[in-house]
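**Q** Sequences listed follow chains A and B, in order. With this note's numbering applied, the first sequence covers 13 to 251. With this note's numbering applied, the second sequence covers 935 to 1224.
Think of the hints as simulated: they come from the structure by calculation, not from any bench. Just so you know, these numbers come straight off a predicted model, no measurement behind them. Each hint can be trusted.
The list that follows gives simulated cross-link-like pairs (lysine-lysine, DSS-like), each with its CA atoms no further than 25 angstroms apart:
{"id": "1", "chain 1": "B", "residue 1": "K1030", "chain 2": "B", "residue 2": "K984"}
{"id": "2", "chain 1": "B", "residue 1": "K1048", "chain 2": "B", "residue 2": "K1116"}
{"id": "3", "chain 1": "B", "residue 1": "K1116", "chain 2": "A", "residue 2": "K161"}
{"id": "4", "chain 1": "B", "residue 1": "K1211", "chain 2": "B", "residue 2": "K1168"}
{"id": "5", "chain 1": "B", "residue 1": "K1030", "chain 2": "B", "residue 2": "K1172"}
{"id": "6", "chain 1": "B", "residue 1": "K1159", "chain 2": "A", "residue 2": "K233"}
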Amino acid sequence: MNTSDTEIELEPCFKLKGSRVTITILELYEYEYATFNDQLAETVRSAPDFFQQTPVILSLERCKDTGFIDFIELGELCREYGLVPVAIRGGSEEQLLSANVAGLPHLPVGAAKPPEAPKKQPEPAPEAPPIQNTVITTPVRSGQQVYAKGGDLIIIAPVSPGAEVLADGNIHIYGPLRGRALAGVSGNKNARIFCYSLEAELLSIGGIFTVDEDLKTSNWKKNIQAYLDGDKLVISAFS
Amino acid sequence: MSSPPLANLQNANKTKEELPLTEIIVITSGKGGVGKTTTSAALGTGLAQKGHKTVIIDFDVGLRNLDLIMGCERRVVYDFVNVINGEANLNQALIKDKRTDNLFILPASQTRDKDALTQEGVQRVLEELKKDFEYIVCDSPAGIEKGAFMAMYFADRAIIVTNPEVSSVRDSDRILGLLQSKTYRAENNQPPIQEHLLLTRYNPDRVDLGEMLSVEDVEDILAIKLLGVIPESKSVLKASNQGAPVILDDESDAGQAYDDATRRLLGEEVEQRFIEKAKQGIFKRMFGVR
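The shape of chain B in the complex, shown without the other chains (with noise of 0.2 angstroms):
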């Protein structure tokens, strides 16, 4: 990837400065509706946030989700199976997003289906993006079939999206095995995807309630690194319908929350919250008031 350092010195003025090693990040989950669209949006507009060059990549071919969440549905002109084909180039293809500099957003076709995404043609386009991105991320289809596929297939990193009940759980765990085995990485014997937790819709007082497993519980069946945990909140919703990635609704605990995973995934130390029950006032203890 870099040049050599004499080439460097001498080619200082012309380069721009040398853009630090672009990561492939896949949003994944194996079962539906756990929030893999929202978590991609939130946490692409996060990383963008903090100043670095992102694109989010929709990968779910024929149920195109991600433009309506990021609110550029009607931005959609030529979308990523245009430019695997050939028929567009990614200037054309690739959406600005309005409200946050350094994101952009690769929209899905909705008029096709999976098999148009190759591997020649999936590799081809992410190249292309390395040249100007830190960071791309992979929203991935549910399932385990293509589209999933191709999402993990490049990547240097994963985000498992985790709902706590058990069939969410068991679709973690069939995805983690894939990703062990069925990625560029696996195949090429290099050091293996890193793996992330992150658990959404989580609620402490129905945990409480034996209504649903707690961090613990899916921490010991998944074995791997919890990012963060996204309660669950209305906000998460109204931001979907609005068509504002939730990350920028900061008053909103899912809001904060996906801010924190950002933080993490970036390298920095923030304490796990919104796992414990929210303390009540006293007035609501006294009088049970809602």
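Chain A on its own, in the form it takes in the complex (with noise of 0.2 angstroms):
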């Protein structure tokens, strides 16, 4: 989010984000305790430095048998080579229960099957941009100016007169908006701008705005909508 100085200061304590990462597969193809325990432990001593807590997710999208197995015990041999399963995938009924004993979640199986070679890796797929919206509880105040940049902006409290709120994605105000709104300032033509009560100084739209002396002939304090029709602003009021 990119602001001026005398935006307000937003610190939530923690934010979720969703993101993809490279993590290793464990293919399970049978379970047998002293089979598993005797290839894990030359695996290991093969790449001693690979396993040092490293997350695994459990496969079962290939595994022979479709009975219990015992994930509990199967989580302790892993942890003592440094492996931690953090999750399965694919597996019976039967499996997903003792999984789920055994504190596993289940993810579901992606729609591109890991290829055949054992040990490899798939790749991780690109990035998509991530949406940033921005929420402000709080009045934004004559001279404060509150971007969101990259995404929405949503604002449940008043905006005041001499104040200036902007956005790349929408703006959304659950309050009078008194101040100056600009949605979609990258260049977004399909914003739009949503209010609960129109007393606006200034309303923009992908850099086609009008103001407030236009604004006060029709729709005044009331509950708006503003989007483009082609190069036209257009406010059509909610009954």
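Build the complex from these two chains, which are given one at a time in their own frames, with help from the hints.
**A** Listed below in structure tokens is the structure:
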């Protein structure tokens, strides 16, 4: 979020973000304690530095047996060798249940099947640009400017005369809009502005604007939305 | 701030009784001439009258007025800037009010400008005052320059003095934005400053005529809690010229309104007055006599 110097500071203590990470898949063909233990020991010996609390997903998509697997035992075994199972993928109903008991969540089987080669990791998909919406819960005062870069701006408070709110996306104001609101400032002509009471000094969408002298002629103090119809800024009231 | 309980027990006989935490209250507005100094003098006096040891600091360096309103202009020897610069100590600069117990004034310097106020200096003086006082009332200058910032920077509460007209409301709104971003509490992620609206020079007759904004209009725009409404009153000008805070004139409506506001500030529930038109007597209504 780009801000001007007088902008309200928001300091949330956390944020949920979607993300793609590369993670090792342990593809299980069958499970039997002794053989699993042997192979794991062998694998770790060949690359001891690789397995240091490495998170893995247990893939059961190619698992021969569909019966009960003791995931608690399997998990303990993995952790002994520095692998930390974080979830399972695929598997039968019965396996799902026992994984659940072991505290392992179930991931849906991806559309792209993992390649045949047993140790190869799936390629990470190209990252989609994250959408960053901004939520403001305190009044935006005269002289303040709030800019929601790359997303929508949601304001649950009044916007005072002399204040300016901007967004690359839409602007939603659950309160009176008395200042200036500019949506789609990076050129998004599909952006819209919504507010509970239209008392604005200026409305702009994708660079096309209208000022209060024109705004006052209709829908003043109404619950409205503003959008572009071609190059014309349309303001319509919700009944 | 407070010492561990054990230490308290041991020192019980030596230390004076522990003061409650000091509150720093800034009286501010953005716009000039709306009644900040009148309000500082009245509320400061009100707090002292109710038994709270209070100091009022004049931050309007170069345009010193508080001492005139408080009627102590001839007793100013050292001032706030002298204390900041270490040219005098606090006790030399503090003026004890002659009318009201528990009340002190720290006057501004008339011969300097606002650049004499440094953040470190202001902080040091406030910290020293905190040892002795329950309330520190900071009378802010108009504008949004250094003097106003220094007055608000360390505040715990802010009283926004607003006249019922659009430009005053607009400036108050601007100040509210600055209180949320340019103060110690805002910059250090502490709970925000408590904001109170004090509407001064209110005249319900002129509100009815559409010449003034109503209480509701102002509250609607500023969206903060109403501390009180001070009616437009001749007693305010009279009090200023006599150098006596208007709250001492308990016959006057403005004096009573400030007393109400003081009590609300201290957490009392007091019903709002002076918002409605005064009821006219039957003769006035019949003959229109004034």
